[in-house]
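Between the sequences and the hints, there should be enough to build the whole structure, so can you do that?
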Amino acid sequence: MRYVGLTTIGGNHITTIINVQNIQKSFKKQTVLKDVSLSVTEGTVYALLGANGSGKTTLLKIITGLLKQDAGITSIKNWDANKNARAMQQLFSYSAQASTVDDILTGFENLVLIAKLRHIQNPKQVANDLLTEFKLTDAANKRAAAYSGGMRRRLDLAMSLVGNPEIVFLDEPTTGLDPASRNDLWDSIRKLKKAGKTIFLTTQYLKEADLLADEIGFLRDGEIVETGTPAQMKRLAGPDKLQLSFKTETEQLQAASHLSGFDLQTVNDVTLTVKLPDTVQTVMTILTILQGAEIKPDSFQVTSPTLDDVFMQLTKGA
Amino acid sequence: MTYLSDTFALAGRLIKHNLRSVDTIITVVLMPIMMLLLMVYLFGSAMKIEGFSHADYVNYVLPGILLMTIATGSAYTALRIFTDKTSGMFDRFKSLLISKSAVMNGQAVASVIFLMISTLIVPAVGFLVGFRSDATLGEWALVILLLFGAALAITWITAPFALMMSSIDGASAFSYIILLFLFISSAFVPAAGMPKLIRGFAENQPMTHIIQAVRSLMNSQPIGDHGWIAAAWIIGITIVFAFLSSWMAKRV
Ligand SMILES: Nc1ncnc2c1ncn2[C@@H]1O[C@H](COP(=O)(O)OP(=O)(O)OP(=O)(O)O)[C@@H](O)[C@H]1O
Ligand SMILES: [Mg+2]
Chain A
1 MRYVGLTTIG
11 GNHITTIINV
21 QNIQKSFKKQ
31 TVLKDVSLSV
41 TEGTVYALLG
51 ANGSGKTTLL
61 KIITGLLKQD
71 AGITSIKNWD
81 ANKNARAMQQ
91 LFSYSAQAST
101 VDDILTGFEN
111 LVLIAKLRHI
121 QNPKQVANDL
131 LTEFKLTDAA
141 NKRAAAYSGG
151 MRRRLDLAMS
161 LVGNPEIVFL
171 DEPTTGLDPA
181 SRNDLWDSIR
191 KLKKAGKTIF
201 LTTQYLKEAD
211 LLADEIGFLR
221 DGEIVETGTP
231 AQMKRLAGPD
241 KLQLSFKTET
251 EQLQAASHLS
261 GFDLQTVNDV
271 TLTVKLPDTV
281 QTVMTILTIL
291 QGAEIKPDSF
301 QVTSPTLDDV
311 FMQLTKGA
Chain B
1 MTYLSDTFAL
11 AGRLIKHNLR
21 SVDTIITVVL
31 MPIMMLLLMV
41 YLFGSAMKIE
51 GFSHADYVNY
61 VLPGILLMTI
71 ATGSAYTALR
81 IFTDKTSGMF
91 DRFKSLLISK
101 SAVMNGQAVA
111 SVIFLMISTL
121 IVPAVGFLVG
131 FRSDATLGEW
141 ALVILLLFGA
151 ALAITWITAP
161 FALMMSSIDG
171 ASAFSYIILL
181 FLFISSAFVP
191 AAGMPKLIRG
201 FAENQPMTHI
211 IQAVRSLMNS
221 QPIGDHGWIA
231 AAWIIGITIV
241 FAFLSSWMAK
251 RV
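Protein chains in written order, with full-length UniProt numbering: chain A, 1 to 318; chain B, 1 to 252.
Watch out, some of these pointers could steer you wrong.
[Stated by the list, open to error] Restricting the straight-line Cα-Cα distance to at most 20 Å, the calculated cross-link-like pairs of lysine-lysine (PhoX-like) are:
1. B:Lys16 to A:Lys124
2. A:Lys275 to A:Lys241
3. B:Lys85 to A:Lys68
4. B:Lys16 to A:Lys142
5. A:Lys83 to B:Lys250
6. A:Lys68 to B:Lys250
7. A:Lys191 to A:Lys135
8. A:Lys207 to A:Lys193
9. A:Lys241 to A:Lys296
10. A:Lys68 to A:Lys83
11. A:Lys83 to B:Lys100
12. B:Lys94 to A:Lys83
13. A:Lys68 to A:Lys34
14. B:Lys100 to A:Lys68
15. A:Lys28 to B:Lys250
16. A:Lys193 to A:Lys135
17. A:Lys68 to B:Lys94
[Claimed, not checked] Not the full set, but computed from the structure, chain A residues with beta-carbon under 10 Å of chain B:
18. Asp103
19. Arg118
20. His119
[To be verified] Some chain A residues flagged as far from chain B (calculated, every beta-carbon gap over 12 Å):
21. Lys34
22. Lys135
23. Gln243
24. Ser245
25. Asp263
26. Val267
27. Thr303
28. Pro305
These are computed hints drawn from the structure, not numbers from a lab.
Think of the CB as a built atom: it goes at the ideal place given N, C-alpha and C, for glycine as much as any other residue.
Below, the structure is given as C-alpha cells:
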C-alpha cells in the first residue's frame, strides 16, 4: 500500500507538502526547465540554489500557479496547481524577487490592502500587529518609498504573512541587502520556521542556504543536479582539510617527507594542506607523527568545505 | 460580493497614487489648456465655422479639448498598468485568492476617476476665456455621461496595449494614436474642409461622433444621430477591449 505524500520514518509522520514532478518549461526556443522534480516536507525550509538565469523564478512561478508549465505536475497539499488553483492559493503566499511593495502607499496601507484582498475580518488590526512584529511601527505612516532596503524587505515579508499562510514562498529574499539587514531577515525566517511554517526560498547565496535550509536543491541546466541537507551538500566538495604552516621551508619539506602517506598539497614554501578522511583521528595521527619527528608547526587550522566549494565543484562539472 | 470589494480595494490603491501625485494631474491638463488658449486667442479669429461666430469659437473647440484631456491622461493609465506588470505587483495580486478580473477592473475604475477629474478642470478654464452655455441640466448630465463613456472606452483600449509593450515609452505611446484620431476629426475644424480621403474617415470615426454629440448638447442644439452612434462605439469598444485586457492580464 502506498500513501501519497505520507511516509513514515521511525514512527514520525513526515508529510510532503509541496510536490513537483518532471516539470518542463521553455520560452520560445530556450529550454529553461528540462526536468525538475522535488518535494518539500511540511514545516521545513527548502532552499533552491542556482546561478543567475538558472530558472529559479520560473520554477517558483510554476509552483505557485502564476505560470503554466509545458509538462509535469506540481501540487501543494495534494491540490493540483492547474485544477485546484483556488483551494491552493489559500495555503500560501508568494513574495516576488525585488520586493513588491507599493512605494506610494505607507507601510500600514500596504498591509491593509493585502489584508482586504485576503478578505480578513479586521485588516487594520492585522496590519498593526504585523508592523509591531517586524519593527516597523515607527515607519508605519511613512511612504514605502522612504524605507531602507532592509525595511522594504521586512514590509514585504510582513505582507506575505497577512492571513497566516502555511507556506511562504520567497524569491531571493535577501538579494541586495547589507549584512545587518540580511541577518535580521534570516532571524525572521527562522522564527517563521519555529512557528511551524513551511518555507520555500530561492537564493544565489550559498551561505544563506547553509544557514537556513533543511534541504537544498541545486538547480543547473534546467535540472536539480544535487539535493540534500547542507551537510550532505558540503560533503560533496570533499573532506575537511588540515592546513599546516611552518617557520621555514626546511621544516616544511621535512614534515612533507614524514607525512608522505597522506594526501598532501603544497600551498607555498612554508604551508601544506592534508586531506582528512576522518577529521579527528587523522589530525591526532598527524600531530603525533610531527611530534615524534620533533617538527613544530608554526600554526595549524582545520577547514571544512563551504557551499562555495560545492558550487564550484558542481559548476565546473557541467 | 468579494468581487466588488476586491475591485474597489485595488482601485483605492491607484486613486491614492493619483491623489498623491498632483503633478500628474497638472501635466495632464496643461497641454489641453495651452491648446485651448492657442485655439481661442491665436487661431480662433481665422476659423470660419458655420453656426459659430468668431467669439464663439471657444464653444466649438471645447469638446475636442475635453477629449484631448482624456487622451493625454490615458498615458498615465498605460504607465500604471505597465509599472504594475513589470514590478511584480500583478504577480503579488494574482497569487492572492481574488477574482482575476478584479486586477484589471481596479485599474479601469481608478483610471476613469482620474480622467474625469482631469477633464472637469478644463471647462473651468474654458469659462474664463469666454465659454458660455445655455444647456439644460439634463443636457449637461448627458455630456458628463458621454465623457465618462469616452474615458471608459479609452481606458480599456489602452489596457491591452500597455500589457503588451516592453518599455514604459512604448506603453504610453498609445495616447499619441488617440491624439491623432482627435486631430483627424471635427475637434478643431469641421471635417467638411478636409481632403476627400481623410474627410470620409474623419466624418465617420468614433471620436467625431462623440465630439459632435457633446458639442450639440453643450450648445443646446439637436444631437442628431451622433448620440446613439457615439454610445454604440463606446459600448462596443468597452466590451471588446475589457475582455481582451482581462484575457491578456491572465497571461502576463
Ligand atoms: N517570460 C519570459 N519570457 C522569455 N524568457 C524568459 C521569461 N522568464 C524568464 N525567461 C528566461 O528564462 C531564464 C530563467 O529565468 P529566471 O528568471 O527563472 O532565472 P532565475 O534563476 O530566477 O535568475 P535570477 O537569479 O537572475 O533571478 C532566463 O534566461 C530568462 O531570460
Ligand atoms: Mg529570479
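Going through the hints against the structure:
1. B:Lys16 to A:Lys124: Measuring from Cα to Cα gives roughly 17 Å; hence the hint holds.
2. A:Lys275 to A:Lys241: Given that 20 Å is the threshold and the Cα spacing comes to 5 Å, the pair holds.
3. B:Lys85 to A:Lys68: It holds: about 17 Å lies between the C-alpha atoms, which stays within 20 Å.
4. B:Lys16 to A:Lys142: The given pair, whose Cα atoms are some 14 Å apart, holds under the 20 Å limit.
5. A:Lys83 to B:Lys250: holds, 16 Å
6. A:Lys68 to B:Lys250: Holds, at roughly 11 Å.
7. A:Lys191 to A:Lys135: holds, 14 Å
8. A:Lys207 to A:Lys193: holds, 18 Å
9. A:Lys241 to A:Lys296: Measuring from Cα to Cα gives roughly 18 Å; hence the hint holds.
10. A:Lys68 to A:Lys83: holds, 12 Å
11. A:Lys83 to B:Lys100: holds, 16 Å
12. B:Lys94 to A:Lys83: Status holds; Cα separation ~16 Å.
13. A:Lys68 to A:Lys34: It holds: about 14 Å lies between the C-alpha atoms, which stays within 20 Å.
14. B:Lys100 to A:Lys68: Answer holds: Lys100 of chain B to Lys68 of chain A is near 16 Å, not above 20 Å.
15. A:Lys28 to B:Lys250: The hint holds at about 19 Å.
16. A:Lys193 to A:Lys135: Given pair Lys193 of chain A, Lys135 of chain A holds - Cα atoms ~19 Å apart, limit 20 Å.
17. A:Lys68 to B:Lys94: holds, 14 Å
18. Asp103: Interface hint status for Asp103 of chain A: holds (9 Å vs cutoff 10 Å).
19. Arg118: Given a least distance of 6 Å, the restraint on Arg118 of chain A holds.
20. His119: Holds - the Cβ of His119 of chain A comes within 10 Å of chain B, reaching about 6 Å at its closest.
21. Lys34: Consistent with the label, Lys34 of chain A stays out of reach of chain B, its closest Cβ about 23 Å off (over 12 Å).
22. Lys135: holds, 22 Å
23. Gln243: holds, 45 Å
24. Ser245: Holds, because the least Cβ-Cβ distance between Ser245 of chain A and chain B comes to about 50 Å, which exceeds 12 Å.
25. Asp263: Since the minimum Cβ distance to chain B is about 49 Å, Asp263 of chain A lies beyond 12 Å and the statement holds.
26. Val267: Its Cβ never comes within 12 Å of chain B, the nearest being 46 Å, so this holds.
27. Thr303: holds, 40 Å
28. Pro305: holds, 35 Å
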